[in-house]
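**Student:** Hints given; two lone chains; assemble the complex.
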Amino acid sequence: MNDAVIEIHGLVKTFRDFWLRPLASALRGVDLTVGRGDVFGLLGPNGSGKSTTIKLILGLLRPTAGEVRLFGLSPRSRRARARLGYLPELSYLHPFLTARETVLYYAGLSGLDRRTSRERAAELLSRMGLEGSADRAVGGFSKGMARKVAFAAALVSHPELLVLDEPTSGLDPLATRDVKELIRTLAAGGMTVLVTSHQLFDMQDVCTRVSILSQGKVVGEGAVADIVAASADPRHALEDYFAAAVGAKEGNPA
Amino acid sequence: MKESFLLALRAFMRGRVALLLLVAVGLIHWLMPDFVRSDGTASGILEMHVRIVPGFAAAVILLTVLSTSCGMFARERELKRLSLTLVRPASAWGVVCGKWLATTVLAAAAIALSSVLVLAMPPALPGQAGVPPCRHHYEPTLPPPAVVAGHILGGYLRDPATPEAVRKAPKRAVLALLTTKEMDRYDVVKPGETMVWPFDVPRLKRQMEEGAELTLRVRFSTQFELRTPVAGILTLGDMSAVVSNSTQAVIEIPLARTGKGDGVPSPLNLTFANTGRSAVMIRPRRDLVVLAPADSFAWNLLRSQIEVWSLAAMLAAYGLFLSAALSRPVALFTALVSLAVVLMAPSVVAQFPDEFNASFADRFGLWLSRAVQSATHSVSAPSPITDLATGRAIEGAELLRTLAGNVLLLPGMLLSLAAFIVRRKPFADG
Ligand SMILES: Nc1ncnc2c1ncn2[C@@H]1O[C@H](COP(=O)(O)OP(=O)(O)O)[C@@H](O)[C@H]1O
Ligand SMILES: [Mg+2]
Chain A
7 MNDAVIEIHG LVKTFRDFWL RPLASALRGV DLTVGRGDVF GLLGPNGSGK STTIKLILGL
67 LRPTAGEVRL FGLSPRSRRA RARLGYLPEL SYLHPFLTAR ETVLYYAGLS GLDRRTSRER
127 AAELLSRMGL EGSADRAVGG FSKGMARKVA FAAALVSHPE LLVLDEPTSG LDPLATRDVK
187 ELIRTLAAGG MTVLVTSHQL FDMQDVCTRV SILSQGKVVG EGAVADIVAA SADPRHALED
247 YFAAAVGAKE GNPA
Chain B
3 MKESFLLALR AFMRGRVALL LLVAVGLIHW LMPDFVRSDG TASGILEMHV RIVPGFAAAV
63 ILLTVLSTSC GMFARERELK RLSLTLVRPA SAWGVVCGKW LATTVLAAAA IALSSVLVLA
123 MPPALPGQAG VPPCRHHYEP TLPPPAVVAG HILGGYLRDP ATPEAVRKAP KRAVLALLTT
183 KEMDRYDVVK PGETMVWPFD VPRLKRQMEE GAELTLRVRF STQFELRTPV AGILTLGDMS
243 AVVSNSTQAV IEIPLARTGK GDGVPSPLNL TFANTGRSAV MIRPRRDLVV LAPADSFAWN
303 LLRSQIEVWS LAAMLAAYGL FLSAALSRPV ALFTALVSLA VVLMAPSVVA QFPDEFNASF
363 ADRFGLWLSR AVQSATHSVS APSPITDLAT GRAIEGAELL RTLAGNVLLL PGMLLSLAAF
423 IVRRKPFADG
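Here the protein sequences line up with chains A and B, keeping their order. Going from the first sequence to my numbering is simple: count from 1 and add 6. Going from the second sequence to my numbering is simple: count from 1 and add 2.
Here chain B stands alone, though its shape is the one from the complex (with noise of 0.2 Å):
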């Protein structure tokens, strides 16, 4: 393991590799922003600085990282060298984790660097700070959506008017359709009357105990035109604002505390009282998010920055894998194609979430996706580059739960295998 590591090490060393990622990465830092010109408003060149440039820079590290893993043993075997390897006593496994090891590396160096120079150079916006804020988002405590749907579905049947086809129909997909329904659902309020949704969540009550400054980011939706003024009182816990407002766009409402100080309530809820002359709509999983401060940007650079390199050690290991098997062009064809199925498959569930009437091939395509999507779900889920341009904080628990899957769960089948290929001879060299 060691020795495999050390060489791989070298080999991006002296072979330039390293340093010619390092070089890209600085240069996209240094260079992008000027050349790539942003709107010239305020928020325009900050989402330059903390969204474009290091979203670029993270591509290119990750597709740098791929580019080298589908090359490392493909490579090896070319120049007839893995048998070398493979008649040492030495483990294959040591051999696979030990140049997985040293690409991770490779990616943690140009992603540090990416990071430094985030913070190294912020635009200088006249008054304003040079990177966005870093807020918690809380949202609302209900029942996952797929526990929902299955009391509906419960329901349904049990209700002796419930048509026979709905009886009928495999349960499975219709409690997929109830997922996705559940997730877009409205809460209609109705003038004069008062919504409450629960948002039980201990840290966002002890925060409020401690003072915390909070901002409700909300969606009111009307049901037929789109400039109704809406108007009522949102509470939350002791704390409350005054709503009017004639827009569909996601707006910011800060909170302020009543002053009655009579603490945080438990349970916590957030209230919606119609005061205005329209019904007002809200989808309870979408439109409502309570903003708590939480720690710095830099903090939340390094949690998205950990998050980048959570992939590129899952794209290394997958790297790895295929170039155990294949040449390096057809590996290189092969992991591209198959992380555009997997960047896809979430988008393909949430919008074909309907099996009934689709052919025989869309349910397979629709089968396919979500047993891909479930299986790489640490790899789609996170999005560091967007929360770190809209400032959401990264959880530490989500943090770890990408870790675990990127890189222990994924890489330790994806090495295994890689391993076992590596053995079987019918691959090896000569």
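Pulled out of the complex, with its shape left as it was, chain A reads as follows (with noise of 0.2 Å):
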């Protein structure tokens, strides 16, 4: 399919210490295709290799075995990396720099003009209801302020494919509304959004897809809309999906 904007296949990665000698098997063989405008949700608890797959993805780290190509490119071209916006899952911003000047940071490293950098980043940070602290320095701001600052620079260069990483994790649940109000919102706007999450319900409500990983493999795959249909329990089909699947994988059905 020629609008897969992430493919991925046979994805393998084994951490390594200095002397080569194997650390962690983080992923053992994962296929993924996230098509455009899905709001594709990467799901699996902690340390089932999600982050790993982002970086992955966008070419921090090299694969093992296997292949991904972004926008049917190398994820490491700058062409490819020109298209895509990344919030990672911890971030320190740098503290000294105002929230309006990390915004025209990263926009400047995307290769965006002054005004057009200018303009988006008020657009932007008013969107994130930072206006009052935009001319602040980022040191001082809260965690949830933080993710936000870290969201608007993720956005600057219009990107055609936002990566989130635990995007609401640690943030209080009207912190939480606002991040998945705002994808909805961008995803409504065409965007594709890769976005992983620990928390199953949290996704629900804002994925066209889902993969769920589970130490290192996919365990399983679909559409939100055709899992929930086939749920018992509507507000909780997600994570009985999931409990199912995990379950499934390691031979005792839930």
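None of the hints are false.
With a cut-off of at most 16 Å between alpha-carbon atoms, the simulated EDC-like pairs for lysine to aspartate or glutamate come out as follows:
| id | chain 1 | residue 1 | chain 2 | residue 2 |
| --- | --- | --- | --- | --- |
| 1 | B | K4 | A | D119 |
| 2 | A | K149 | A | D178 |
| 3 | B | K4 | A | E107 |
| 4 | A | K149 | A | E95 |
| 5 | A | K149 | A | D184 |
| 6 | B | K82 | A | E95 |
| 7 | B | K183 | B | D356 |
| 8 | B | K207 | B | D240 |
| 9 | A | K223 | A | D37 |
No lab work stands behind these hints: they were computed from the structure.
**Tutor:** Here it is as structure tokens:
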């Protein structure tokens, strides 16, 4: 399919120490396809390999085996990088920069000109509700505010693909709702989103497709609509699906 | 490039590194002459002002540059910020260069402050200028010692009387040995004889035609006794001086015009006619320097500070390179150790030139020292603060060579490596 934004085949990642002795098998043969316009949820418990998958997609790590294509290109190519936005799981901003300077800095790294950067920074910061703090140093920001600044930085280049690693972890319920609302708005605008979470019900009402990772393997995949339709309890459809998938893999049906 | 440059500059300014460094430099200039007592003589006070204070300030600046640059990527990685930069389409090389440029700007600011303070706070020395003169140092125009060594070796090999051992010895090692010997070779001027050394420097001739006042810095040695009187006549073109002296220290003898008015001969030679009763020994490559007036102390200060800055630029690139691969403490430790090796290599090579009868380990050490010395020549060769203090004018060509090595060549290599390493993912954060 030409419309695939991310294609992953047989992805294996084994972390090794300095002497190349294996430390951890983070991924053991993962296949994934994220189509244009999807809000794709990569779900799984802690340590299942979600962040590793994302780093491989972004070209930050090299696969041990298998292949990753981003927009049909290598993830290490500059043209692929120009088309994506990334919000890491844990990110510390430069504490002495203001919110606006932070966004402008990343806009500059994406090659935007001054005027466009300024316009977009102002627009994004007000969209995040940060107008009042735009010119304060982010060193003094709360976790939620810092996450919003990082969000604005990820969006400033108007990416086609937005990669969010645990965007809601550590946020209070209201901030979580803001994030989900934002994802929905972006998706409605045609952006492809890849989002990870270990909180399943979080993502049920946001994602169009999900893939469930457990111990470095995909144990279930499908459209959220189908999963919900097949479920006895629609409110906990994803959780049940997840439990069943993980349980089936481990050989003890839930 | 621009972004990472501005980011690093802001970090220096808002993170107070810049402020602290500038204050430190200011305090060194302001307080050090009072706290560290010089011997109280005029020359001691002058030495404090033109050598010890600016030298200490330069050391502080260079160490600051090294320690900040050693932390630059390490810190980004620790705080998991590097990936945010690496997923952008900006080139890693640009990011690395931006950080490097910002560090060199920080160094330039601190060095500029240091030079301004040297000029602004001259010591009060009654009846004496507050700064040393600045003079060109001209040396005899002898063929390079390696070339001379080659001729000597060629002579040995052609001579049937040369023992087999010399023929069999590794040629490179013999050449190295002969080269060092040539550097320290003595010319012996017997009583009644005259020795000639070429001084065919175009600019020296030009200065002589313009009537510049020249001084000869010379050291006479006598074979046996320390206090044997030396007598003779020194002549350089249309200038000369009468020597009557009994010391083996380095002395300066002003040359006077002979008044014959036949201009500067070409080729220009320095001659010494020994009119005394004992032989006089002179090492032409060490003991003979013609001093001629150059521009002012201020200009020499500028040149010497540019050399200091070039060292800062090199260290910044080196620190960034290490920082790309290592954590900050490891990078800093590695940097300091390797810096010591670089600075020691020339003296290792100079003191242990002899590869014969050496163990394998010694030969390897010598080989390594030579390699390090030739690769880092632009780092170890300049001695900007010593030149400033002794009033040796740093020549333009010299300055350009130092800049080419320390600002273009070495940083170009180190920064490219840094960019390569930063992009290699096993090192990337997370
Ligand atoms: N840099 C690393 N070095 C060694 N092991 C790692 C590294 N990063 C992740 N791992 C291991 O890989 C596995 C998957 O980690 P991760 O992808 O971060 O999981 P998740 O994001 O799903 O919580 C874990 O067992 C983790 O310990
Ligand atoms: Mg994770």
